[in-house]
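K.L.:
We have chain G already, so just place chain X on it with the hints.
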Amino acid sequence: MSRVVVAPVSELPPGTRTTVRVGGRAIAVFNVNGHLYAIRNVCPHQGAPLAEGVIVGELTSSGPGDYEFDDCRPHIKCPWHGWEYDLSTGQSTYDPTNDRVRTYEASVESGSEILAGCALEDGQGGCRLPGPYRVETIVVSVEDDYVVLDV
Amino acid sequence: MPERKIDCDVHCATASHEVLLSYLSDHWRELQGITRTPQAGAIVTSYPRWLPMLATDGAELTLQSLRERVLADATLAILYCYQGVESYTHPYLGPAIATAVNRWLAEEWLDREPRLRASAAVTPQHVGAAVEEIERIAEDERFVQVLLPARSATGYGNQRFWPLLEAAARHRLPVAITYGGGTGSPPTPVNWLGSFFEEYAAATLTFQSHLMSLVMSGIFQRLPELRIVIAESGLSWLPSLMWRMDQEWRAFQREVPWVSEPPSAYVRRHFRFTIAPLDGPPADDQLCALIEQIGSDEVLMYASDHPHRYPPNSLLELLSAEQRTRVLYDNAAAIYRGLPSELASQQRSTATRAADAAPPEHVPSDLTGRQRSTAASGDAQVRP
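Quick note, the sequences are listed as chains G and X, same order.
With my numbering as the guide, the letters of the first sequence map in order to residues 156 to 306.
With my numbering as the guide, the letters of the second sequence map in order to residues 61 to 444.
It should be emphasised that the hints constitute simulated quantities derived from the structure, not laboratory data.
Every residue gets a Cβ at the ideal spot worked out from N, C-alpha and C, and that includes glycine.
Incorrect hints may appear among the rest.
Which stretches of chain G does chain X cover? Using the computed rule of at least three CB atoms under 8 Å from a CB of chain X, they are [to be verified]: (1) 204–215; (2) 236–242.
One-sided excerpt, in silico: chain G residues whose CB lies under 10 Å from chain X [unchecked claim]: (3) H190; (4) Y222; (5) D226; (6) C227.
Next comes chain G alone, as it looks inside the complex (with noise of 0.2 Å):
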């Protein structure tokens, strides 16, 4: 596994998403009300970039009229074609157990966390900061807290 920092948190507040590359991978990470997600960004279906999808809370319903709606679990609805991806899970909401899409793990860490980090793996090959940014980029806001992805 290997870590790459997308972006400062100050750059993905909630309400927002970015995309980043990592290897040939492209991955879309959102802020949702303050929780951060990661999927890949390729619908399972024909391969829409799912970024660019409308978030939607969870719906379930235990039969006819009945709407169970559950904000704190956003779903990400294709651009394309408006199927629907549990973001936590990656899990599709019409085939959970065969379609999914990808996720990754994100989380907000600060700059000089992960200059220790890197520190302590430099060297073992399991490091592999500072993804899209130069560890230049880091070293010189070192006081900031960035979002890193798990890869």
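P.N.:
Then chain X, alone, in the frame of chain G:
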């Protein structure tokens, strides 16, 4: 041993409206005797009554002809008597006619031929009365389903029909939707087209609308035991409708979150289709492909649609032995109440009846349909 076969769609008809008079209450008998108000016919372009695939002549459809042409090689046959009861706007006359039709069916057909079963006429326009009638006929095990016409002002998944569907499911009575309907509602989604040909060919669109309405309504979550029989409407349209519903459901599931499985799963579980007339493709390999596309041989039920006649098709010959048994018998026996065991109990009770001159005072648990019917029609006497 001859092949077991349930003919799931056989027509009978009253020779005239007057036939029903003696099955009405005194009041309606008198008033109908004076006014002679039969069903209001459906608004049709030009119904070709002469055509063998459509004609149902009550005078020619005798029990004897049924024995010769249907029961000669069918173990059981399920009667459809389409009387247009949905056309009566009167909230008491319509239900009274429906009850009369069912009593006529019981006395003229079921009482005289133990191999017959019947579809019960009910009034979808008067749901409360329909529920009462379902409760009444449910006591007679020879009524095995409830009959609704395809033409309707709204889809049968609509909540207004739920009490009717609930009553049917409560008594394990499938609801059969069949061609026609005198509701004044149009035969196609674009109202009336030019010719009868268009009207007849487009009838499948009405069935598709009911099917979607029922699946999306969520009624199958409420009533997992409910079964719907689509009679006389072919099935070649089914795969494309299932594909389309399954695809669009992924995007619009949010509107109907209770539809938690792909719509086609509900179709395969809750719907059954009679195989006459068959509107399948002409080539055998295409017909096999159609069955494969439907994805289940459990949805097909054998029917002759007697006396209506169609060009022959090779469906039954194309099926494997197991599939053939399912289509001819098992699929129907699985959804219609009491069929296999009742066959055995009938043979028993025939012997019992011959030995017993007087009917038993207490209702035994293996009461035959005939005795139940007598009890049921006794109840009917007090109905207005």
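K.L.:
Does each hint hold? Answer for all of them.
P.N.:
So, going through the hints one by one against the coordinates:
no.: 1; hint: 204–215; result: holds (count 3)
no.: 2; hint: 236–242; result: holds (count 4)
no.: 3; hint: H190; result: 21 Å, violated
no.: 4; hint: Y222; result: 6 Å, holds
no.: 5; hint: D226; result: 14 Å, violated
no.: 6; hint: C227; result: 17 Å, violated
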